[in-house]
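Work out the full structure: start from the sequences and follow the hints.
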Amino acid sequence: MKKIVNDPESVVEDMLDGLISAHPDSLQKLPDTTVITRKDAPITNKVSLVSGGGSGHEPAHAGYIGNGMLDAAVCGEMFTSPTPDQVLEAIKAVDGGAGVFLVIKNYTGDVMNFDMAAELAEAEGIQVEKVVVNDDVAVEDSSFTTGRRGIAGTIFVHKIAGAKAAAGASLEEVRSSAEKAVANVRSMGMALTPCTVPAAGRPSFTLDENEMEIGTGIHGEPGIERKPVAAADAIAEELINKILEDIEFNQGDEAAVMINGMGATPEMELYILNKKVNQLLKERGISTYKTFVGNYMTSLEMAGCSVTLLKLDKELKSLLDAESSAPAFRV
Amino acid sequence: MKKIVNDPESVVEDMLDGLISAHPDSLQKLPDTTVITRKDAPITNKVSLVSGGGSGHEPAHAGYIGNGMLDAAVCGEMFTSPTPDQVLEAIKAVDGGAGVFLVIKNYTGDVMNFDMAAELAEAEGIQVEKVVVNDDVAVEDSSFTTGRRGIAGTIFVHKIAGAKAAAGASLEEVRSSAEKAVANVRSMGMALTPCTVPAAGRPSFTLDENEMEIGTGIHGEPGIERKPVAAADAIAEELINKILEDIEFNQGDEAAVMINGMGATPEMELYILNKKVNQLLKERGISTYKTFVGNYMTSLEMAGCSVTLLKLDKELKSLLDAESSAPAFRV
Amino acid sequence: MELNAQDIITWMHKTNERLQNNKDYLTTLDQAIGDGDHGINMARGFKEVVNKLDNENYETASDALRDTAMTVMSKVGGASGPLYGTAFLKLATSLKGIDPVDESSFKTGLEEALAGVKQRGKSDQGEKTLIDVWIPVMELFDNNFSPEKLTDTAEKAMENTKDMKATKGRASYLGDRSIGHLDPGSVSSFYLFTSLADTVKGGE
Amino acid sequence: MELNAQDIITWMHKTNERLQNNKDYLTTLDQAIGDGDHGINMARGFKEVVNKLDNENYETASDALRDTAMTVMSKVGGASGPLYGTAFLKLATSLKGIDPVDESSFKTGLEEALAGVKQRGKSDQGEKTLIDVWIPVMELFDNNFSPEKLTDTAEKAMENTKDMKATKGRASYLGDRSIGHLDPGSVSSFYLFTSLADTVKGGE
Ligand SMILES: Nc1ncnc2c1ncn2[C@@H]1O[C@H](COP(=O)(O)OP(=O)(O)O)[C@@H](O)[C@H]1O
Ligand SMILES: Nc1ncnc2c1ncn2[C@@H]1O[C@H](COP(=O)(O)OP(=O)(O)O)[C@@H](O)[C@H]1O
Ligand SMILES: [Mg+2]
Ligand SMILES: [Mg+2]
Ligand SMILES: [Mg+2]
Ligand SMILES: [Mg+2]
Numbered sequence: 001m002k003k004i005v006n007d008p009e010s011v012v013e014d015m016l017d018g019l020i021s022a023h024p025d026s027l028q029k030l031p032d033t034t035v036i037t038r039k040d041a042p043i044t045n046k047v048s049l050v051s052g053g054g055s056g057h058e059p060a061h062a063g064y065i066g067n068g069m070l071d072a073a074v075c076g077e078m079f080t081s082p083t084p085d086q087v088l089e090a091i092k093a094v095d096g097g098a099g100v101f102l103v104i105k106n107y108t109g110d111v112m113n114f115d116m117a118a119e120l121a122e123a124e125g126i127q128v129e130k131v132v133v134n135d136d137v138a139v140e141d142s143s144f145t146t147g148r149r150g151i152a153g154t155i156f157v158h159k160i161a162g163a164k165a166a167a168g169a170s171l172e173e174v175r176s177s178a179e180k181a182v183a184n185v186r187s188m189g190m191a192l193t194p195c196t197v198p199a200a201g202r203p204s205f206t207l208d209e210n211e212m213e214i215g216t217g218i219h220g221e222p223g224i225e226r227k228p229v230a231a232a233d234a235i236a237e238e239l240i241n242k243i244l245e246d247i248e249f250n251q252g253d254e255a256a257v258m259i260n261g262m263g264a265t266p267e268m269e270l271y272i273l274n275k276k277v278n279q280l281l282k283e284r285g286i287s288t289y290k291t292f293v294g295n296y297m298t299s300l301e302m303a304g305c306s307v308t309l310l311k312l313d314k315e316l317k318s319l320l321d322a323e324s325s326a327p328a329f330r331v
Numbered sequence: 001m002k003k004i005v006n007d008p009e010s011v012v013e014d015m016l017d018g019l020i021s022a023h024p025d026s027l028q029k030l031p032d033t034t035v036i037t038r039k040d041a042p043i044t045n046k047v048s049l050v051s052g053g054g055s056g057h058e059p060a061h062a063g064y065i066g067n068g069m070l071d072a073a074v075c076g077e078m079f080t081s082p083t084p085d086q087v088l089e090a091i092k093a094v095d096g097g098a099g100v101f102l103v104i105k106n107y108t109g110d111v112m113n114f115d116m117a118a119e120l121a122e123a124e125g126i127q128v129e130k131v132v133v134n135d136d137v138a139v140e141d142s143s144f145t146t147g148r149r150g151i152a153g154t155i156f157v158h159k160i161a162g163a164k165a166a167a168g169a170s171l172e173e174v175r176s177s178a179e180k181a182v183a184n185v186r187s188m189g190m191a192l193t194p195c196t197v198p199a200a201g202r203p204s205f206t207l208d209e210n211e212m213e214i215g216t217g218i219h220g221e222p223g224i225e226r227k228p229v230a231a232a233d234a235i236a237e238e239l240i241n242k243i244l245e246d247i248e249f250n251q252g253d254e255a256a257v258m259i260n261g262m263g264a265t266p267e268m269e270l271y272i273l274n275k276k277v278n279q280l281l282k283e284r285g286i287s288t289y290k291t292f293v294g295n296y297m298t299s300l301e302m303a304g305c306s307v308t309l310l311k312l313d314k315e316l317k318s319l320l321d322a323e324s325s326a327p328a329f330r331v
Numbered sequence: 001m002e003l004n005a006q007d008i009i010t011w012m013h014k015t016n017e018r019l020q021n022n023k024d025y026l027t028t029l030d031q032a033i034g035d036g037d038h039g040i041n042m043a044r045g046f047k048e049v050v051n052k053l054d055n056e057n058y059e060t061a062s063d064a065l066r067d068t069a070m071t072v073m074s075k076v077g078g079a080s081g082p083l084y085g086t087a088f089l090k091l092a093t094s095l096k097g098i099d100p101v102d103e104s105s106f107k108t109g110l111e112e113a114l115a116g117v118k119q120r121g122k123s124d125q126g127e128k129t130l131i132d133v134w135i136p137v138m139e140l141f142d143n144n145f146s147p148e149k150l151t152d153t154a155e156k157a158m159e160n161t162k163d164m165k166a167t168k169g170r171a172s173y174l175g176d177r178s179i180g181h182l183d184p185g186s187v188s189s190f191y192l193f194t195s196l197a198d199t200v201k202g203g204e
Numbered sequence: 001m002e003l004n005a006q007d008i009i010t011w012m013h014k015t016n017e018r019l020q021n022n023k024d025y026l027t028t029l030d031q032a033i034g035d036g037d038h039g040i041n042m043a044r045g046f047k048e049v050v051n052k053l054d055n056e057n058y059e060t061a062s063d064a065l066r067d068t069a070m071t072v073m074s075k076v077g078g079a080s081g082p083l084y085g086t087a088f089l090k091l092a093t094s095l096k097g098i099d100p101v102d103e104s105s106f107k108t109g110l111e112e113a114l115a116g117v118k119q120r121g122k123s124d125q126g127e128k129t130l131i132d133v134w135i136p137v138m139e140l141f142d143n144n145f146s147p148e149k150l151t152d153t154a155e156k157a158m159e160n161t162k163d164m165k166a167t168k169g170r171a172s173y174l175g176d177r178s179i180g181h182l183d184p185g186s187v188s189s190f191y192l193f194t195s196l197a198d199t200v201k202g203g204e
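Chains as they are written, first to last, in my numbering: chain A, 1 to 331; chain B, 1 to 331; chain C, 1 to 204; chain D, 1 to 204.
Hints are computed from structural coordinates only; laboratory data are not their basis.
Warning: the hint list may mix true and false statements.
[Unchecked claim] In the SDA-like style, the derived pairs of lysine to any residue whose C-alpha atoms are separated by at most 25 angstroms in a straight line are:
#  : chain 1 : residue 1 : chain 2 : residue 2
1  : A       : LYS282    : B       : GLU13
2  : D       : LYS96     : B       : ALA167
3  : A       : LYS130    : C       : GLN119
4  : C       : LYS52     : A       : LEU30
5  : C       : LYS122    : A       : GLY147
6  : A       : LYS2      : B       : GLU209
7  : D       : LYS122    : B       : ASP115
8  : C       : LYS156    : C       : SER146
9  : D       : LYS118    : B       : THR145
10 : D       : LYS162    : B       : ILE224
11 : B       : LYS29     : B       : GLU172
12 : C       : LYS165    : C       : GLY175
13 : A       : LYS2      : D       : ALA32
14 : A       : LYS29     : B       : VAL331
15 : A       : LYS29     : B       : THR288
16 : A       : LYS2      : C       : TYR25
17 : A       : LYS2      : B       : GLU238
18 : D       : LYS47     : B       : ASP85
19 : B       : LYS130    : D       : LYS47
20 : B       : LYS290    : B       : ALA167
21 : C       : LYS156    : C       : THR28
22 : A       : LYS227    : B       : ARG202
23 : C       : LYS122    : A       : THR145
Now the structure itself:
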C-alpha cells in the first residue's frame with residue numbers, strides 16, 4: 001500500500017482539514033464533527049439538501065456542496081456510513097425553516113443511519129424528507145433483499161434535487177423531482193484493479209494482470225463476473241447493454257450520460273470509452289443531451305469506470321441545466 | 001498493462017473523438033488533425049491562445065479550452081510533442097486578426113515544433129508570440145542545458161494569459177503578463193508508481209513496494225532521489241522547501257497554490273497533502289490566496305503529485321480571478 | 001447468572017480485547033463478502049466504549065449499557081453501528097430499574113434487543129446476519145444457561161452462517177456466492193457473547 | 001559512391017526495417033534516460049516515409065529526400081521529428097539539381113544538415129545527441145569513404161555516446177546519471193547510416 005497519508009486512522013480528519021484550507025470562503029466544517037456545510041448555511045426558506053456516506057469516494061460528497069446542489073455532506077469513516085449523530089448535526093446546521101432533504105445511497109448502513117437521524121431531527125421539530133438512490137444494475141433488484149446499490153447516479157440526483165430546491169420548491173416538490181430522477185437513472189461499473197483502505201493496509205480483492213471484473217461495487221464489493229480485460233468498445237457495449245436491459249428507452253428519448261472514473265483511470269481512457277458509448281446510444285436511437293466525463297464517484301485508487309444514464313424529460317433537463325457552483329459539478 | 005483502450009496505436013484519435021462527443025457544443029476537432037479548438041473560433045480581434053504537447057496529461061490541454069483560457073490545444077501522440085504542421089493548423093484556425101500566443105512547455109521537442117510552426121505562421125502573415133514555461137524545480141536551471149521543464153504551473157500560465165487576452169489586451173501585453181506568470185511560478189513533483197504508455201506496453205520505470213521518487217517528470221523522466229515512502233507531511237515539506245529554495249517569498253506575499261494529482265492519486269490524498277502545505281506556507285508568512293486541488297496535469301495512471309506556487313501581485317490576482325468557462329478550470 | 005454495572009464494564013472490556021485482537025480477521029471476512037471495514041468499525045467503536053465506561057461511574061447495568069449503546073451508535077458507523085447500537089439501547093431500556101440483572105430479565109432484554117434489530121435492519125432469521133447468532137443465544141437464557149453453553153451456542157450459530165445465503169446487508173449483493181463464507185457480524189457477535197460467558201464465569 | 005532517387009528510397013526502406021525491428025530496443029533506451037517514445041516515434045514516422053516514397057515517382061535524390069523530410073517532420077514528433085526533418089530538408093535543398101549525387105556533394109549536404117540540426121537544437125558536439133553520430137559520419141565522406149567504414153564509424157560514434165554526459169534533450173535532466181547509457185537518437189542515427197552503407201553496397 002503506497003499512499004500520501006500520515007496516520008491511516010486519521011485520513012478522514014486530515015482530508016477534511018485540507019479541504020477546508022482549500023475552500024475557506026465557501027465551505028466550513030462543523031466543530032467536532034465530520035460534517036461539511038456551505039459557509040452561508042442555513043439559507044432561509046430554501047429546502048436544504050444533505051447527502052453523505054463513507055469517505056473514499058471523493059469528490060463525493062463534499063465536492064457537490066454549492067449553490068444549486070448540496071448544503072451539507074456528512075463524511076463517514078473510510079467506506080463506512082456516517083453515524084446518526086453526525087447526520088443530525090448536518091440537518092440541524094442547514095435547516096433554513098423549509099425542511100431538509102436527504103439523499104441516501106441504498107446501503108443498509110446508510111439507510112439505517114440516515115433514517116435514525118431523520119427520526120431524531122423530526123423529534124426536534126425539523127421537517128425531513130428523503131430519497132434512496134439505487135442505480136447500480138449490477139445488483140438484482142428484489143424486494144426480498146437489500147436491492148440495488150447507489151453509485152454514480154447519485155450525483156445526478158444531487159443535481160436534480162439541488163436545482164429544484166434552489167428554484168424555491170417545497171420539500172414535497174423536491175422529493176418528487178428527486179424520486180423521478182431515481183426512477184430514471186441507472187449505472188453499471190467495472191474494475192481493472194482493486195483499492196486499499198488505508199487502515200486495512202491491503203486491497204479488498206485481487207485481479208490477475210489481465211483480468212477485469214464487471215459489476216464491482218464502489219467499496220470493492222465483488223462484482224458479477226471476472227474475465228480477461230476486453231477492448232474499450234466491448235466494455236462499453238457490456239455496460240450499456242446491462243443498463244438498457246433494466247430501463248426502457250424509446251426512439252428519440254434523451255439521456256444525460258456520465259462516464260465516471262473510479263479514481264486511477266486516466267481521463268484518456270474515459271474519453272475512449274465515451275466514444276463508443278455515444279455511438280451505441282446513437283445506434284439505439286437515444287439522443288445524448290449532455291455528457292459528463294471525469295471522476296465523480298470514486299473508490300480511492302481503484303482503476304475502472306462506471307457508465308450512468310439518466311433518462312430525461314422536460315423538467316429533468318431544465319433542472320440538469322440549472323446553475324450549480326459546486327466545485328465538482330460546475331454548471 | 002491494464003487499460004480501457006482499443007488499438008494502442010489509436011488512443012489519441014479515439015480519445016479526441018470521445019472528447020468531441022462529450023462537448024459537441026463548445027469544442028471541435030479540425031478535420032484530419034489532432035487539433036481541438038473552441039467551436040466559435042476565431043474570435044475576431046481577440047488575441048488567441050494555443051497550447052499543446054504530448055497526450056497523456058489530460059485534462060491538459062484540451063480541457064483548458066474555453067472563454068478566458070485557450071482557443072486551441074494541439075494534441076501530440078502519447079508523451080510526444082505535436083508536429084509543426086499540426087501547430088500551424090491550430091494557429092491558422094484561431095487567429096482572429098489580433099495575433100496568436102503560444103504557451104509552450106520547456107521540452108526540446110515542444111520548443112522546436114512550436115517554433116517551427118510559428119515561423120511558418122509568420123511566413124503566412126500571422127503575428128505570433130510565445131512564452132516557454134519552465135516551472136519544474138526538480139531540474140537545475142542552467143543556460144548550458146535544456147533548463148527546467150514545464151509541468152503543472154503551465155495551467156496557471158494558461159489562466160493568466162487567457163484572462164489577459166479575454167480582457168482585450170494586445171499580443172504584446174498578453175506576452176508580458178504570461179512572462180510575469182512564468183517568472184513567478186514554480187512546481188515540484190513526486191511519484192509513487194510509474195505509468196505505461198499504451199504502445200510501449202510496459203512502465204517507463206519501476207519503484208519498489210515501499211519506494212517513492214522525488215522530482216519525477218510528467219513523462220516518467222527519472223527524478224532526483226528515491227527513498228522509502230514518507231508521510232504526507234514530510235512529502236509536503238520536501239516539495240515546498242525545494243520550491244522555496246528557488247523563488248523568494250517575503251512575509252505577507254500572496255500565492256496561488258495547486259496540489260496536482262498525477263492521475264491515480266485519490267483526491268483524499270491530495271487534500272491530506274494540502275493540509276500540510278497550507279500550514280507550512282502559513283508558518284513562512286506566505287498567504288494563500290487561492291488553492292486548486294485536483295488532476296490538472298497528469299501522467300496517465302501515475303500515482304503521485306506535484307505542488308505549484310504562483311507568487312501573485314495585483315495584476316496576477318485579478319487575472320486569476322477572471323471568468324473562465326474551460327471545463328477543467330471553471331472560474 | 002447476575003449482572004451488575006461492573007459486570008457490564010468487564011463484559012465490554014473482554015469484548016473489546018477480542019475485537020482488537022481479531023480486527024484483521026474480521027476485516028478479511030468482510031473483504032470476502034462485504035467491504036472490508038467490519039473489523040475496523042468494531043475495533044474503533046469498542047475502543048471508545050471502554051474508554052467511556054472507564055471514565056464514568058455507573059450505578060446500574062442499564063446505565064452502563066445505555067452509554068455503551070450511545071457510544072456504539074456514534075462511533076461504529078456502517079450497518080453494524082446502528083444495529084449493535086439499537087440492540088444495546090433496547091437492552092438498556094428493558095433492564096431499567098432491574099439491578100442486579102437476573103437471567104430471566106436478561107432474556108426479555110435480549111428479546112427486545114432482537115426485535116429492535118429486526119425492525120431497524122428489516123431483517124429476520126436465516127438472512128446470514130448477526131441475528132442468526134442473537135436468536136439461539138437469546139433462547140438459551142432462563143432455560144438451561146451456563147457460560148460454557150453460551151460460548152458453544154454462539155460459536156455454532158456463527159459457524160452456521162457459513163452455509164447460508166445472504167439476503168440482507170452487503171453480502172446479499174453476492175447472492176449464492178455468499179455461501180461458504182462466515183458472516184462477519186455473526187463473528188463479532190460471537191466475540192460479544194463468549195466475552196459475556198467469560199464475564200459470568202469470572203476470573204482473569 | 002553515387003546516389004539516385006531509387007537509392008534514397010532503398011535507403012529509407014532499409015532504415016525503416018531496422019527501426020521497426022528495433023522499435024522496442026529504442027523505446028527501452030529512451031525509457032532509461034528519456035520518456036520512452038523514441039522507438040515509437042521513429043517507427044511511426046518511417047513507416048509513413050516509405051509509404052510516401054512508394055506512392056510517388058521521383059526524378060532526383062533531392063526530391064525523394066524532400067518528401068522524406070516533410071513526412072518525418074509531420075509524423076515523428078517529439079525532439080527527433082524536427083531534428084531529423086531539418087536534417088533531411090537541408091540535405092535535400094543542398095542536393096537540389098545534383099543527380100546522381102556524388103560523394104563530395106553528399107558531404108556538403110551532410111554539413112548543411114548538421115548546421116541545421118545544431119541551430120534547431122541549439123546544440124553541438126559532445127552533448128550526447130545524434131549530432132555525435134552525424135559529425136564523424138559527415139567527416140568520412142569525400143575522404144576515405146567505404147560502406148564498411150561508414151557502418152564502423154557510425155557504430156563507434158553511437159557507442160561513444162554511452163560515456164557522455166547529456167547536456168541537451170531530455171536526458172540532460174539526469175545530469176551525471178545520464179552517463180553509462182546510449183543516446184537513443186544516436187542509435188537511430190546509426191541505423192540510418194548503416195542502412196546507407198547497405199544501400200551503397202547494393203545487394204539484398
Ligand atoms: N439488515 C441487516 N440486519 C441485520 N444485520 C445486518 C444487516 N445488514 C448487515 N448486517 C450485519 O452487519 C454486518 C456488516 O457490518 P459492517 O461491515 O460494519 O457494515 P457495512 O456492511 O455497512 O460495511 C454484517 O456482517 C451483518 O451481520
Ligand atoms: N537539442 C538537441 N539537439 C540534437 N539532438 C537532440 C536534441 N534533443 C534531443 N535530441 C535527440 O533526440 C533524441 C530523442 O528523441 P525522441 O525521444 O524522439 O524525442 P523526445 O525527447 O521529445 O521524446 C535524443 O536521443 C537525442 O539524440
Ligand atoms: Mg462499510
Ligand atoms: Mg517524447
Ligand atoms: Mg463492512
Ligand atoms: Mg523520447
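| query | Does LYS29/A pair with VAL331/B here, judged by a C-alpha cut-off of 25 angstroms? | reply | Answer holds: LYS29/A to VAL331/B is near 23 angstroms, not above 25 angstroms.
| message | Please verify whether LYS2/A and ALA32/D have alpha carbons no more than 25 angstroms apart. | response | holds (23 angstroms)
| query | Taking 25 angstroms as the top limit, are the C-alpha atoms of LYS52/C and LEU30/A close enough? | reply | holds (23 angstroms)
| Taking 25 angstroms as the top limit, are the C-alpha atoms of LYS156/C and THR28/C close enough? | With Cα atoms ~20 angstroms apart, LYS156/C and THR28/C stay inside 25 angstroms; holds.
| request: Sort out whether THR145/A lies within 25 angstroms of LYS122/C, counting only the CA atoms. | output: This hinted pair holds, its Cα atoms lying about 10 angstroms apart.
| Taking only the CA atoms, is the gap from LYS122/D to ASP115/B under or equal to 25 angstroms? | With Cα atoms ~12 angstroms apart, LYS122/D and ASP115/B stay inside 25 angstroms; holds.
| query | Does the structure keep LYS165/C and GLY175/C at a Cα separation of 25 angstroms or less? | reply | holds (6 angstroms)
| CA of LYS96/D to CA of ALA167/B, is that 25 angstroms or under? | violated (49 angstroms)
| field | Pairwise hint evaluation, ASP85/B against LYS47/D, where the allowed Cα distance is 25 angstroms at most | value | Since the Cα atoms of LYS47/D and ASP85/B sit roughly 18 angstroms apart, the hinted pair holds (cutoff 25 angstroms).
| field | Proposed proximity, ILE224/B with LYS162/D (alpha carbon, max 25 angstroms) | value | Given that 25 angstroms is the threshold and the Cα spacing comes to 20 angstroms, the pair holds.
| LYS2/A and GLU209/B: Cα distance at most 25 angstroms? | Between LYS2/A and GLU209/B the Cα gap is close to 7 angstroms, so the pair holds against 25 angstroms.
| field | Restraint status (C-alpha distance of LYS118/D to THR145/B at most 25 angstroms) | value | Cα-Cα ~14 angstroms, so holds.
Figure legend: structure checked against the earlier numbered hints; hints not met, in rising order: 2, 11 and 19.
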